[in-house]
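Residues per chain, in single letters:
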Amino acid sequence: MTQSAVTERLLQLEEAGKRLRERSVREVVAALAATLDAWRDPTSAWRRSLEAELPKETGFAPDMVRTGMSLALESWTSDAFLDLIDDELGGIEALEAIEGPTVSGYPTTALLLAGAIPSPTLLQILAPLVLRSPVAVKTASHDSVTADLVARSIENQDPQLGECVEVLGFPGSNANAINALLEAPCIVANGSDATIEAVAKRIFPGQRFIPYGHKVSVGALGPHAVTSPECQESAEALAQDVVLWDQLGCLSPVAVFVSSVDKRAPERFAEELASALAALEVRWPRCRVDVATGESIVRERSMAEMRRAQGGSVRVLADSGTRWTVVLEDDTELRAQPRHRFVRVHPVASESVLLDSLAPLSPHLSAVALAGFGPKSHEIARALADLGASRICRPGSLQAPPLRWRRDNRGVLTPLARFSEHSRESGES
Amino acid sequence: MSEARNELDRAMLEWMADAAFKPDAARFERLALDLFAFQFEHCDIYRAFCEGRGRTPVSVKNWRDIPAVPTDAFKEYALRTFPESRVRHVFRTSGTTSSQRGTLYLDRLDLYEASLLPTFRHYMLPDLPEGGRTLIRALASDPAEASDSSLSHMFGVVVQACGSGASGFDVANGTLDTESCVHQLRRAIQRGTPVTLCGPAFAFVHLLDSLEHADERIALPERSRIMETGGFKGRSRAVERRELYAAISEYLGVPEERIVNQYGMTELGSQFYDGVLRAPDAPRRKEGPPWARVRVIDPETASDAAPGEIGFLVVVDLANTGSSIAIQTADLGRRVGDGFEVLGRSETADLRGCSIAIDSLLGGKNP
Chain A
1 MTQSAVTERL LQLEEAGKRL RERSVREVVA ALAATLDAWR DPTSAWRRSL EAELPKETGF
61 APDMVRTGMS LALESWTSDA FLDLIDDELG GIEALEAIEG PTVSGYPTTA LLLAGAIPSP
121 TLLQILAPLV LRSPVAVKTA SHDSVTADLV ARSIENQDPQ LGECVEVLGF PGSNANAINA
181 LLEAPCIVAN GSDATIEAVA KRIFPGQRFI PYGHKVSVGA LGPHAVTSPE CQESAEALAQ
241 DVVLWDQLGC LSPVAVFVSS VDKRAPERFA EELASALAAL EVRWPRCRVD VATGESIVRE
301 RSMAEMRRAQ GGSVRVLADS GTRWTVVLED DTELRAQPRH RFVRVHPVAS ESVLLDSLAP
361 LSPHLSAVAL AGFGPKSHEI ARALADLGAS RICRPGSLQA PPLRWRRDNR GVLTPLARFS
421 EHSRESGES
Chain B
430 MSEARNELDR AMLEWMADAA FKPDAARFER LALDLFAFQF EHCDIYRAFC EGRGRTPVSV
490 KNWRDIPAVP TDAFKEYALR TFPESRVRHV FRTSGTTSSQ RGTLYLDRLD LYEASLLPTF
550 RHYMLPDLPE GGRTLIRALA SDPAEASDSS LSHMFGVVVQ ACGSGASGFD VANGTLDTES
610 CVHQLRRAIQ RGTPVTLCGP AFAFVHLLDS LEHADERIAL PERSRIMETG GFKGRSRAVE
670 RRELYAAISE YLGVPEERIV NQYGMTELGS QFYDGVLRAP DAPRRKEGPP WARVRVIDPE
730 TASDAAPGEI GFLVVVDLAN TGSSIAIQTA DLGRRVGDGF EVLGRSETAD LRGCSIAIDS
790 LLGGKNP
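Chains as they are written, first to last, in our numbering: chain A, 1 to 429; chain B, 430 to 796.
Bound-form chain A, shown alone (with noise of 0.2 Å):
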């Protein structure tokens, strides 16, 4: 795609936009509450393409893929959207208002995706629409389907609204393509913090820049959590949080600190943990990892052993091949984590050594699966909130965020918007 054709594209979202813009905000929410729902259907033609083309591309399991979309978007209901609006934005109201407070988006918004996971991507397409800002999707490399899925799904909702999503399929390395996309007024860009820092490096000072980076989670089981049988409930719904999206996504989490004065009690949740993962590896099958991957998951296994062989009392539980992993560490040291359903358990003495073992991850930091802590879990659950954790809900939860959930510590609409305060006193001057 060329640089011109970028440009061509975005100039025709711009009249879309305005002819977008002479309508009202209750019609366009309306279409896009009515997608919502219709993503949120099992048997609609949305999800039963998403659920036959994703696989293909990612090698993700079907059947987790079905599963992974419905916990997602379970909550994310008509009303949940409508009390989104009306949580960050102030309501439709403020959104048709020509004076007083009003919200308005920008002519265009340019979308750059990074991973395969649909719900993010669904909902960062309907976001900028909300605020009648037409939006420029450039599709991330592992997954073309979902965002030309969604797009399809608004243009049947409501072809006007449809004229207003612009899918654009150029590989990253198209640099003048990249350059015409961000010419856009407001840019969203997930990657890695070094695809951000290349893509800020690129941006005007006028322009919003909406940056998405890269983020772990993580899980806290205090005492409570790790004795029978909530051991065995913990480990399994923690291992659904590991398998679901293959533990690609920032909710996805890469280590558990168990919390127990039984001394037995990280040992025996790793080896629960690892019966689980072994029993979802036969329901939904990891998908097919590189070679350097697989060559990252045998080389922590051998360095785990070799912290063994040193006279630790480090563990190393896994599959025969490279599918599954959970090391059981006798310390808290954060370690490389190759992913793609690798997990670390570290015991910790207390509720501070928890949290000064993750001080380090503090930027990075996403969400947290907390339990078993007691009273304790409210005090806990705001200290790391105040790390930088966006997220602290039960294990078995972490992948099925909230509509309102604040992302990488910021709203889902508000880092879109422009908000703006119209005095009556000015109207009349």
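Calculated directly from the structure, the hints in this document are not laboratory data. Idealized CB from N, CA, C, for every residue including glycine. It cannot be assumed that every hint is accurate.
Unchecked claim - Going by beta-carbon spacing under 7 Å, a handful of chain A positions derived as facing chain B:
hint, residue
1, V291
2, G294
3, E295
4, R299
5, S302
6, M303
7, E305
8, M306
9, Q310
10, T322
Got chain A sorted already, so can you dock chain B onto it with the hints?
Structure of chain B alone, referenced to chain A:
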């Protein structure tokens, strides 16, 4: 030194001195199993590591079953079969992206040198008559300045054994002296003396940048050759190997078929070379001395990858008598004929989500 170790070292020195430089499967198997048994007995951490995998000298009957330690282990553990008091020399990895540097402890250097020298001669100087000398310039520090660099040490040994009078080093105080280097190369051109120019790939990039900046092209005499090694990680500029070779051809006048990539690492006593100088018409591939073998491993099966398939490289090196016989590298490669090809490392492994390896988040703790 124990009698068992002496016996192993004697056997290895004998093999390394054998001018035939021929593979000998039975000899390799026998010495590999003996060396494994020795290291199992004399390196506590390696023994515990092997026992953890249920591998002992009793159960291991084939050199392929010898457990390999990851190169990262050399950053954290003293993998040696002798006490600290007997450490005679230490080599460290460059540590460009890691706070910790891998360390190889040696209690004798003669074996290390006895391994590297015939291999260098075989692949880099196949046309040099026995006892002959040639001009060797190294884009590296003199070993006296960088005593813990295995690469500098190697060049020092090679220059001493095979270098003619004007041979030497072009890095001083950590900086490539391009002016002096070019001066030496020009003198060689004037005299029509072929040059063997060796160094890390990033040093060649600096030299070529300097020539480009000066808009200078020099044509090294016929029969000159280049040996480049290593990658660009942590360096200011990375260059594709194809691009590097084209620039070498353009600015130094050495054709691609006389540019040899060496594959080696601090943790190994042996090195591997492209066989282009010995077999210019054969596909480019790495070969090594008969006492070192490379396996291409499929991570899913932990067995040898099918021919042509990509896997990670495990080196079984009998020159590592004092450290660890089998090394699991982080390098990817595949079999090519009777040799192998190194494909480098995937820097970003298959990112399909918004998560990332913790080491990257923490600033690249691991290489």
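Against the structure, the hints come out as follows:
This hint holds: A/V291 has a C-beta 5 Å from the nearest C-beta of chain B, less than the 7 Å allowed. With its C-beta approaching chain B no nearer than about 3 Å, A/G294 sits inside the 7 Å limit, and its interface hint holds. Interface hint at A/E295: satisfied, since its Cβ lies 4 Å from the closest Cβ of chain B, which is below the 7 Å cut-off. The interface hint given for A/R299 is met, as the beta carbon of that residue sits about 5 Å from the closest beta carbon of chain B, less than 7 Å.
A hinted interface residue such as A/S302 counts as satisfied when its beta carbon comes closer than 7 Å to some beta carbon of chain B; here the least separation is about 5 Å, so the hint holds. The beta carbon of A/M303 is positioned within 7 Å of a beta carbon in chain B (closest approach about 6 Å), and the interface hint is therefore held. Checking A/E305 against chain B: minimum C-beta separation of about 5 Å stays under 7 Å; hint holds. With 7 Å as the threshold, the beta carbon of A/M306 comes within range of chain B, its nearest partner Cβ sitting at about 5 Å, so the hint holds.
Hint status for A/Q310 relative to chain B: holds, with the closest Cβ pair at about 6 Å, below 7 Å. A least Cβ separation of about 5 Å between A/T322 and chain B falls short of the 7 Å threshold, and the interface hint therefore holds.
In this structure, every one of the numbered hints holds.
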